[in-house]
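Protein chains: 4
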Amino acid sequence: MESRFKIFSDPVHGFISVPKNVILDLIESAEVQRLRRIRQLGMGHMVFPGAEHSRFGHALGAMALMQDALATLVEKGTPVSPEEHTAALAAALLHDIGHGPFSHTLEHDLMPGVPHEAMSRALIMRLNEHAGGRLDLTLRIFDGTYERSFFHALVSGQLDVDRLDYLRRDSFYTGVVEGEVGVQRLIKTLRVEPTAGGADSHLVVESKGIYAVENFLLSRRLMYGQVYLHKTVLAGDAVLRAALHRVRAHLANHKADFADTCAPALLYFLTHTITLELLSRTAIQHAFCALDDADILTSLKRWMLHDDPVLADLSQRFINRRFPGITFLDAPPDEETRHAWLSRAAEWLVSEKLAPQSTAYHDAHYYVTFGHSRTARYDPRWGAIRIRERDGRVREFSKTSEYARVAAYPDAGISPYVVHPKTIGTTGG
Amino acid sequence: MESRFKIFSDPVHGFISVPKNVILDLIESAEVQRLRRIRQLGMGHMVFPGAEHSRFGHALGAMALMQDALATLVEKGTPVSPEEHTAALAAALLHDIGHGPFSHTLEHDLMPGVPHEAMSRALIMRLNEHAGGRLDLTLRIFDGTYERSFFHALVSGQLDVDRLDYLRRDSFYTGVVEGEVGVQRLIKTLRVEPTAGGADSHLVVESKGIYAVENFLLSRRLMYGQVYLHKTVLAGDAVLRAALHRVRAHLANHKADFADTCAPALLYFLTHTITLELLSRTAIQHAFCALDDADILTSLKRWMLHDDPVLADLSQRFINRRFPGITFLDAPPDEETRHAWLSRAAEWLVSEKLAPQSTAYHDAHYYVTFGHSRTARYDPRWGAIRIRERDGRVREFSKTSEYARVAAYPDAGISPYVVHPKTIGTTGG
Amino acid sequence: MESRFKIFSDPVHGFISVPKNVILDLIESAEVQRLRRIRQLGMGHMVFPGAEHSRFGHALGAMALMQDALATLVEKGTPVSPEEHTAALAAALLHDIGHGPFSHTLEHDLMPGVPHEAMSRALIMRLNEHAGGRLDLTLRIFDGTYERSFFHALVSGQLDVDRLDYLRRDSFYTGVVEGEVGVQRLIKTLRVEPTAGGADSHLVVESKGIYAVENFLLSRRLMYGQVYLHKTVLAGDAVLRAALHRVRAHLANHKADFADTCAPALLYFLTHTITLELLSRTAIQHAFCALDDADILTSLKRWMLHDDPVLADLSQRFINRRFPGITFLDAPPDEETRHAWLSRAAEWLVSEKLAPQSTAYHDAHYYVTFGHSRTARYDPRWGAIRIRERDGRVREFSKTSEYARVAAYPDAGISPYVVHPKTIGTTGG
Amino acid sequence: MESRFKIFSDPVHGFISVPKNVILDLIESAEVQRLRRIRQLGMGHMVFPGAEHSRFGHALGAMALMQDALATLVEKGTPVSPEEHTAALAAALLHDIGHGPFSHTLEHDLMPGVPHEAMSRALIMRLNEHAGGRLDLTLRIFDGTYERSFFHALVSGQLDVDRLDYLRRDSFYTGVVEGEVGVQRLIKTLRVEPTAGGADSHLVVESKGIYAVENFLLSRRLMYGQVYLHKTVLAGDAVLRAALHRVRAHLANHKADFADTCAPALLYFLTHTITLELLSRTAIQHAFCALDDADILTSLKRWMLHDDPVLADLSQRFINRRFPGITFLDAPPDEETRHAWLSRAAEWLVSEKLAPQSTAYHDAHYYVTFGHSRTARYDPRWGAIRIRERDGRVREFSKTSEYARVAAYPDAGISPYVVHPKTIGTTGG
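Quick mapping for you: the protein sequence lines, in order, are chains A, B, C and D.
Under this note's numbering, residues 1 to 429 are what the first sequence spells out, in order.
Under this note's numbering, residues 1 to 429 are what the second sequence spells out, in order.
Under this note's numbering, residues 1 to 429 are what the third sequence spells out, in order.
Under this note's numbering, residues 1 to 429 are what the fourth sequence spells out, in order.
Chain A on its own, in the form it takes in the complex (with noise of 0.2 Å):
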């Protein structure tokens, strides 16, 4: 006999085992194959070089993780049907597809208000479409309308497929071993409890997981601290989102003929204004479905020879990795001080004949930016944690008896900062 499973070697959970069904047709669809080209950490491989990894790894290793998460229920007695099982890998594989180009880097930037998960629901869509509406049931859980909504709770809860492998995976490729996951510890203390009412039924954590989800919401909290909001990351990201900046003004200007150096699906996106409401269109779908990290590159390394000195400076930034200074605040910046800064980003540029005197504040904007960072905490209003104690009563994480303060893990709250040329850096701290 055949065996019913294609084995992928993943350095993360050792061996995948992948059912020979429709999970393998997704997988080997071209909206799957393209995660293969979008890194998971965006520009994050350029502060921590062995983070090269890209998307689709991620999406094997989330559904990889709903198979152990599945196996571990039915063992405790939740009945899981071979639809179900099937649904819910399928929704754990396309949970992230919506993402486009170097990830949350510029998934503000290339559909402003189009969030990733809103482009992964139109592609679901699609590939339902196509595979003729075998990822119905998929659909629900993914939209949380499925009556068990534990199902739901596994692809997109606060202890969900995604971010037990992100963690974990990320933690693997940066070296960054103090923010290992006990991933199969978590799982293990997983469970699936009636509602009240018994309408429903929630996913919970027996008590004695109370320390492994300790070990996750902090774990989480420093990978976000030590990797995701890295200031050099942080700096890395300014500089790629100002110099689409500056190609998306010279466009909406007529000032420059991009069609030579820019590829033509991040054309798509740098001359249409994508709303939430058209994400059904074939035509976007389409152009999001042929775009990818390489063109993004390519585009850059092209417009390292721009005639706009500014265009160009940034792009040989990016590519080069020389990037900017990052200067954390203590307050928000107020009008003032965003002045100052821009001020001397201004001399600075016409000092580098990078600018004339005349349009030097204007462009220092895409020297400058400001921000702000926030550290990810638990909240139960953004989805509850839930324990169930010794004496079967299931509380609300922060509501537990014996770590009721463990809920208040303290916020770092809202970090302001600008990113700005370095040489200004010293004086404008």
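Worth flagging that the hints you see were computed from the coordinates, not collected in a lab.
Honestly, I wouldn't trust all of these hints.
Given that identical chains are not distinguished, each listed pair holds provided it fits within a single copy or across any two copies.
Said to hold, decoys possible - The calculated lysine-lysine pairs, modelled on DSSO-like cross-linking and capped at a C-alpha distance of 30 Å, are:
id	residue 1	residue 2
1	Lys-255	Lys-353
2	Lys-255	Lys-422
3	Lys-422	Lys-76
4	Lys-208	Lys-399
5	Lys-422	Lys-6
6	Lys-20	Lys-76
Since the structure of chain A is already known, use the hints to place chains B, C and D on it.
Okay, now just chains B, C and D, sitting in the frame of chain A:
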């Protein structure tokens, strides 16, 4: 040229290079070789089967991390003389040499009132005599009387190589991967700062290491909750202690002869009262060095066949891992609660024919143990962690601006519990 | 629903699920718990300090790999009944239960002529009686009399779960990372093929696993060369054996009384001759089960103070790791060579005041040990590895077309050596 | 004091310390940063999804291993001056800088007849000019003209840091754990021995490292068999090359205009013939440095829509991972066999409407690729591994007494294969 190092293969840190000087001599001494026969986690391996590692590997590992820490400090401009280097390595190697069989489990039972640190000091004195005074500086570092106080902080401080090694090592061997501390990252952020007056210098952590510190504190907390204070560990500890108490009681009452069934070195400690003042005596040191886990195990195996049914029962429960139950209490038990548990246990002893009615309540004290566990937390009063902020100022960790609230890690507080025969647990909760 | 499994955290394989049936009962038996007190590598941890793991973890690990192997076979269409599943798990768990203290080191000294497999069988019989015959099928699998012979091959064959676990585990704990076997990859290539006649079925490896087989054979070879037959291990083994031989000689000559200083169970084996036929006797089984590493260690520590200087010296050499030298010989030593070594050792004994001139040559036999080591190699006569080639034909590994020459892995052959007092080594080469 | 090192977190080797001198300058050069955009394993990640790592991490890792190797040699008494140290680090860092997009896959297609080593040398020359001659010694080490020849051996020899890093790194990222080389163990056995005449000195391995050498050779063999020459990798390589050949053919015949759809730097190489003599030209170096994986990917995505159905088909097969089949042949294919495969492919092209009858046989050459793979083996003629035996004599590895036969590792020999459309494979075997 012959290599100046002997290489040990350590699964935790990789290859460890031991200088072929007094350090190698110390490792080859009977006192240090004895650590091979003392398990690091007492009876922890009976809960985590992989954690069968001894204190020998920990001693080597702490020495290896001292090498790494000194290399970092030297690289940042803090001079370390060859004498200081060797003395610090010796101090790291020997810091825990005073641990007796089953490490912490029996620490307060073999020699009540004598902490292992005091015995470590006595044995370092002894080794220093053998070594002709070559450990003078080691002793000063160990004692904290050496003027360059950062050496002492590396041996016995909040971020000492002892803790860094044991957390990393115990996480490795237990398989509790989420307890992994980013040891190398933490070490790389260490630095020595002169104090205000300049008379001394402090060990500080650079500000970029603040996440590593946080991770360290939380890994420690997690390891306490998941491993060191695991409820089965507490239950197993109680059985072992009860068996020794029973023998002590027999010996005090001359009720039985243990010359045949008790290892001589163990008998010494069960029949003598050791105080801090006596530790310098050769006889005590000799008896102590002759004692290890094997003596406890062979004695227990003999006592499994003892005439006293209580001693026989306790011994076989430990050897064959038939541990009692443990119940956490909502409050420290008052007289009435204690009496209730003891009464139930007495009944059980009679029904099990382990004790006659007349002594059952008395004997129940060997089966019912009241205790409390306390999770480790950071408290600057017990040793400060100092952070060197970006502006050059040094602040105690709990006073750092951004992470002020981190110091408020929830203290699980004192958790009272009772260890008791399993069958009386359900009614006794 | 309560989970049907008890979970063990294993640093090698991760979480191990033990079914709460007869398998868990077996694990909780005194016979299996005893394996916690027997180190897997005898005195190997005195060379590789991390390798302090016991046979208990190995037994659990072999059982876990059996679960994996059966899951793979079932997935490929080979039916396995629940009874077979449990019996195979029990066989994997118990396969090495007959190992005595210090495992292979003392295997041929405690009970000359009795291989550990014979004692394993006797103890499985004993456990089967306690279990009311529930291990009947386990015994047949262990014996190789069960008609579905692949079960036996998984317990005791070239690619059995015993080897797969111990190579992986010993590589892990010694830190000899290059000995790592791709256990999961190998298991995933297993398959059951009907034999020509169809009466039986064989365990085969799919052709894509041929590299995994090669890697397995070479990792085994490397582990033998680097670990199991490490020269310091051979030297340490010789000291331990010599001490026991010395005690045996005293006992045979009634020269000394060991009742006080030798653990009773050990004394039993030093004063009785055990043969294969006697293994079914309860007294022998009882004494065997009472014996573990701790008895050897405590006895040696007592013997360090014995009146016989040779016994005292040998004992302290083992306890304090002052091992002798070892010299490899170009050829098996002839009488003259042996005599020369012994004479030099006799002189040394006199000079060290360990023996008077009159007995020195006789006593030298406890200090000079001639032996030979032999690296493990694949020989189809001792159990074939069968490869299922792409064309469906099954060939014995050494007959496979592409890898015919692989079977010719160099046999290091018999390497004769002599263990001897270090100081006489240089002239004795 | 500021640290003299910049620290990189590498998941393979842990923390890597880069000296803040010319080494850091080189890492920050555009030439080295470009390696971030070239995958180490060409399209290997399409078979091993975790293996998405670039040549940048490999360059860093090789440099880190050079640090380790030099530290070992210095510790054993071989002097290394600061200049030599820096030069050797630079040589390790830059040794592979001449790799183009998709590494080995396209090495012989972009610039036929120009091995990547020649381009590495040209780029080191270029960097040396920028660095004002600071790489003079690096060049001599790279070329093998420096009199202390062990430096060259460490950069380009049987046991060079290149191989040690890539085997370890590729094993890590592919998850092929059994390919793990004991890199640190091997490095610790290195030593420099003066040659007979004394004019030069050789890199040798101490005799205790002979198992490490054996493991190294066999890990390499295993990685070739399991990873580098994996049949899906060979099939994927063939598609990519065929697409580029198709474009080259169009360009040669002026059949199509690729100015719009082909990255300029790629077009340069598809329209110019580069020879070894021309490598010093700035234009070629400039074009080469502008080229990376992204250019190939964006071009292929454009060509998926090309008018030429063959080019469009080949391009989408690569991008969407619809790879052809591969069949190993019993013997190198003769004319008849080749013709048979091509004829079947031609029929298939017609039936798929990819080509008209008139050109089908010609076009079939883009779908049928004959090749052969050859496993790496140790051959002293291509660079000797020298073993320093216990008696001090140095022997070439294959001449060592005990392991003479190891040199006879089976050479899988030349394995001819044909890559072909999947559907014609079954009849074509």
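Here's how the hints hold up against the structure:
| no. | hint | result |
| --- | --- | --- |
| 1 | Lys-255 x Lys-353 | within (20 Å within a copy, 44 Å between copies) |
| 2 | Lys-255 x Lys-422 | within (29 Å within a copy, 50 Å between copies) |
| 3 | Lys-422 x Lys-76 | between (57 Å within a copy, 24 Å between copies) |
| 4 | Lys-208 x Lys-399 | within (16 Å within a copy, 33 Å between copies) |
| 5 | Lys-422 x Lys-6 | between (50 Å within a copy, 18 Å between copies) |
| 6 | Lys-20 x Lys-76 | both (26 Å within a copy, 13 Å between copies) |
Hint violations for this structure: none, all hints satisfied.
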